[in-house]
Amino acid sequence: MFKKILIANRGEIAVRVLRACQEMGIAAVTVYSDVDRASLHVRKSDEAYPIGPAAASESYLNIAKILEVARRSGADAIHPGYGFLSENAKFAQACADAGVKFIGPTASAMNAMGSKTKARQAMEKAGVPFVPGTSRGVESVEEAEQVAASIGYPVMLKAAAGGGGKGMRLVRAATDLKSALESARSEAERSFADSEVYIEKAILNPRHIEMQVLADEHGNTVYLGERECSLQRRHQKVLEEAPSPIVDPEMRRRMGEVAVRVAQAANYTNAGTVEFLVDQQKNFYFLEMNTRLQVEHPVTELITGLDLVHLQIRIAAGEPLPFTQDEVLIRGHAIECRIYAEDPDNNYFPSPGKITLLLAPSGPGIRRDSGMYEGWNVPIDYDPLLAKLIGYGSDREQAIARLTRALGEYFVGGIKTNISLFRRILRDENFRLAKLDTGFLDQMLKQPEDKAVDSNAAGVAAVAAGIFAVLGAPSPASSASGEQASSKWKSAGRRDLLR
Amino acid sequence: MFKKILIANRGEIAVRVLRACQEMGIAAVTVYSDVDRASLHVRKSDEAYPIGPAAASESYLNIAKILEVARRSGADAIHPGYGFLSENAKFAQACADAGVKFIGPTASAMNAMGSKTKARQAMEKAGVPFVPGTSRGVESVEEAEQVAASIGYPVMLKAAAGGGGKGMRLVRAATDLKSALESARSEAERSFADSEVYIEKAILNPRHIEMQVLADEHGNTVYLGERECSLQRRHQKVLEEAPSPIVDPEMRRRMGEVAVRVAQAANYTNAGTVEFLVDQQKNFYFLEMNTRLQVEHPVTELITGLDLVHLQIRIAAGEPLPFTQDEVLIRGHAIECRIYAEDPDNNYFPSPGKITLLLAPSGPGIRRDSGMYEGWNVPIDYDPLLAKLIGYGSDREQAIARLTRALGEYFVGGIKTNISLFRRILRDENFRLAKLDTGFLDQMLKQPEDKAVDSNAAGVAAVAAGIFAVLGAPSPASSASGEQASSKWKSAGRRDLLR
Amino acid sequence: MLYSVNIDGKNYRLELNQFEGRWSCILNGRQLEVDAVLARRDVLSLRIGNKAYEIKSEHVAGDLHLWVGSTRFAAEVRDPRSLRGRTRGLDDRGPKKIIAPMPGKVIRVLLHEGDEVALGTGIAVMEAMKMQNEIKSPKKGIIKKIFVSEGAAVNPGDVLAIVE
Amino acid sequence: MLYSVNIDGKNYRLELNQFEGRWSCILNGRQLEVDAVLARRDVLSLRIGNKAYEIKSEHVAGDLHLWVGSTRFAAEVRDPRSLRGRTRGLDDRGPKKIIAPMPGKVIRVLLHEGDEVALGTGIAVMEAMKMQNEIKSPKKGIIKKIFVSEGAAVNPGDVLAIVE
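Chains as they are written, first to last, in the numbering used here: chain A, 1 to 499; chain B, 1001 to 1499; chain C, 2001 to 2164; chain D, 3001 to 3164.
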């Protein structure tokens, strides 16, 4: 087993991996950018190394710096988390070249899957079901127009190197194709330094369902059940659950076997996720493979009772899978809410700043994977994911009930979060009936929110306001820290201006 | 289903039940004594009623006051938690008479089980295996000496109305019998207002293993697997786990079936626990039935995926059990640590006072049921249980690893807790090998603790002490609140003096 | 003590006095039985009659928010005798300022001074925390002034443009 | 700044200076590369070299404890120039006071003044938080004085008896 693992990430996932290391008796080395010195992952680690300024390209994405820390610290493995370098084949290769084990698939498996167009070509050979479209990037607007016409509108443009909805455009009619292609290309170029964009038939109102796979380095590959990830905003997942309410054991077996075939076709090792689009007739189409741990892996952990990060580490250390497909036991239901620092009342604008008060939920069926703490200043420089709140129940209804209860206990003061959005989703009639598709959330958000003014609660607030005033609140401490936070943003802004 | 439930308890269990009510859409009414106004259970409830001074006999044990709150609030059911009135048949009967549903067994089932001697008589009829001894209280020292001689020393004296080790004495030789009987009787009288004491053969180095049962009001009774509760100090459970490392599926079935027979013999309904002593040959003997929810119920919840409090409420509302025995699926392993306000370095003296800093663990496999919060003043008047930390894992080793990790994250500043005791237990070689019996903890605590002074850590502490000094810590806020706490104790003490 | 309290735009007259830990409270002329404990900084355990509430107090960018359970209210408290507190809403009249709602970078400026805008027309695109967000016009009118250019770093509260 | 720091009875000479957020640190003559951030009140994120530590600071009954991870150290800090800080241990000599370790009630007094006691002999029984605890003699000797009687309420730090 490894003696020391370097965690090349930040935020909640760095803390998640750190905990796994501690549990396995492995020393954890972390890295941090200038604005992350006070982060939870630094505080909790055994060793921590600064790797440069806030900009990810100069810190968390800098392969040379991270390998240098691996060398200095004597780490024998690197866990990349998700995002940043996690799906970077060059990084995986550089780790291998430096004699540090990359906890994830090989560079060649990544390469096979990293480009959506290449993956498509390989998977077609393996007989995996596909959405009709091009298997390679389109060269010109003319070619795009031809392809779109032949498969029929609406079509979807996608970045070959894409992820997270970047470089993705839905085109309903030929007149919109040109400008959509241009903007998709420029976004792809900006986001991935690769402007390749391909075309697929758009499946309307599909579900997004993905299958977790795990493959050891001895040829054993298993699937651990699916996750329903249809709740998205701007193609970003917001809430995920497992199992999917529409997948029965037979469909799970069929999807799982396709996912295993996908992984095996790429000689895939370690944890990975095969994403499918599912249409209204429950036909499923291969979308792409994510060659890393997913943000939403906890829902699979809760319904299987397994620890995916432990298993990732064991697999990377050369251990065989400790169970067979038949021994995977799915029980109960789990739902994850991604708590973001964003303002649901103001078009989901990011909301960095100082957390002045943090009340965290716990109790039966509640798991909280968090990278924040009271007093922490959420930096403006990274993804706004603060924490994940995951609810487990004997069935979907109980998971929803527990999560609703826990969201009521959750309070993050000083910044805005999307906690209220989840309260709204979880009480939505269609959500409760599991009538989900990838358009669900946009649809729901178009409805005016039922904001019945509770005049009793307003009166209570009035009394409370008076009591806080009498007791001397706002306390000098809290308002002072608020000012500090805002002046810190200002100085951060000024620093940027001076660069 | 009930509209409103009164929770006749305090601390973590009141919060536990409150959460279940919120999850089920039931309004929660709480009660509190004068020193509990700032308790978490009051803050989180829908309605809260003061019921008198700190002394439990004048508040949480006062049947008339609690039924008066039920009447005023319009509660249609009462959940008693554990301790206090939970096993009081008079209270159960008074609830029935007042037309409020008692969430638990009937008064007559409680009466059948409430006296250990009566229970023994009833169970003997049902053919349940027993430890040899008297089925009724001994009348005199002479009778006790006779009985002890006939079953052979060592013998155990037990209070008929007992629980929690009160009125319990191990007697190794005839010469010690008289004084042990007297002190057991006086303790029993003081604790339960009932001095009846009976004698059993003492099983040396037994395991304490208990079986959770659940019975609806339609004649269905199931068992939910066992809990290993051998880790005790002064006959008080300290750490519990499920399943027991020595119980295999066949033994579980046999114990479960006996437990179901016990419950059925008493026409038992709702949740209950049948306790067994298990000797070194894995023979099990009926000990007693606890006619309430146990402190350690979460470990059963984690391995079965069920919510026992939800089920208690559903059963009390007249619903049939929603599953059969065959559908109970045990998966993984769970361990619970009872976090007490007591000082493990100073003979486990209670340690009430103000919590100046609270860092709470979370993350994969960690459940925390807590009644404390930062800033709360732990009162001196009640049981010192602050919270329960429960770890789940795919297997026992992983549960231990996760719990060890989580204990490392747990910090309760300002008062002493037994967190360090659990770190010690979890790394103990014999504990890891599951070589457990009820003498384990006393044995372990007799060993000098391996307190290798980490001179590196001491140097780190020296540097940190300097940095806190430079940064101006101790902050005026924290030391001021410390003084407040101690003066509050003083005034509490003075109040007592004036009574 | 007499307070004028504004909750989400509605005014309340609140008479509140504390004596030996007990409160007397009259809200809009109605006497309430109030019992309050500050559980910790910014968290109040409040009872009105026997109803229990958990209240959280929060200051964001100078505004006071009170949370009753999970419901947020904008609050303002004025003590008429001492004339503490602030008035607000006055600078909403006249030309509208477009304010940066977050710290970040201006990625694109979509319009020019003098352009006509409808309610909701995009004026600029900002990026922060890896997300791009369009800053929209709060009213129909003409862009009088644009204060930022592409690539500029801005702070919350900075004026990006003025629409008239 | 020069400090004399006592950790679990061992003295350290600490030279510590802060300049623009950077620290210089010499511990017992050895230069250390130190980097510290106060994450929140009483919680320090400390790096020495590249080793990382989470330090918690706690004041209990006038004593300062520092926790390095899960290990607790009793700490005392003295700044020799200003002569801040306290000395202690002096009143441990001579007759030993038996101090109430917790608030509670004296349930039973087991001995009388003049009785001989061994190390660990029970002197009184106290009850608090539903638990009874025996207060034991910290040394061999004779009970010189008993200050409490059965039923008395005591506070932590109260002297119960003196053993000589």
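Hint data in this document are derived by calculation from the structure and do not stem from the laboratory.
For each residue, glycine too, the CB sits at the ideal point set by N, CA and C.
Any given hint might turn out to be false.
Claimed, not checked - Per label pair, the in silico range of CB-to-CB distance:
hint: 1; chain 1: B; residue 1: 1245; chain 2: A; residue 2: 324; range: 45 to 55 Å
hint: 2; chain 1: C; residue 1: 2011; chain 2: A; residue 2: 234; range: 34 to 44 Å
hint: 3; chain 1: D; residue 1: 3008; chain 2: B; residue 2: 1139; range: 51 to 61 Å
hint: 4; chain 1: D; residue 1: 3030; chain 2: A; residue 2: 34; range: 20 to 30 Å
hint: 5; chain 1: D; residue 1: 3008; chain 2: A; residue 2: 34; range: 46 to 56 Å
hint: 6; chain 1: A; residue 1: 234; chain 2: B; residue 2: 1053; range: 13 to 23 Å
hint: 7; chain 1: B; residue 1: 1053; chain 2: C; residue 2: 2028; range: 28 to 38 Å
hint: 8; chain 1: D; residue 1: 3029; chain 2: A; residue 2: 63; range: 57 to 67 Å
> Which of the listed hints are broken here?
Replying inline: Hint check: 1, 5, 6, 8 fail, others pass.
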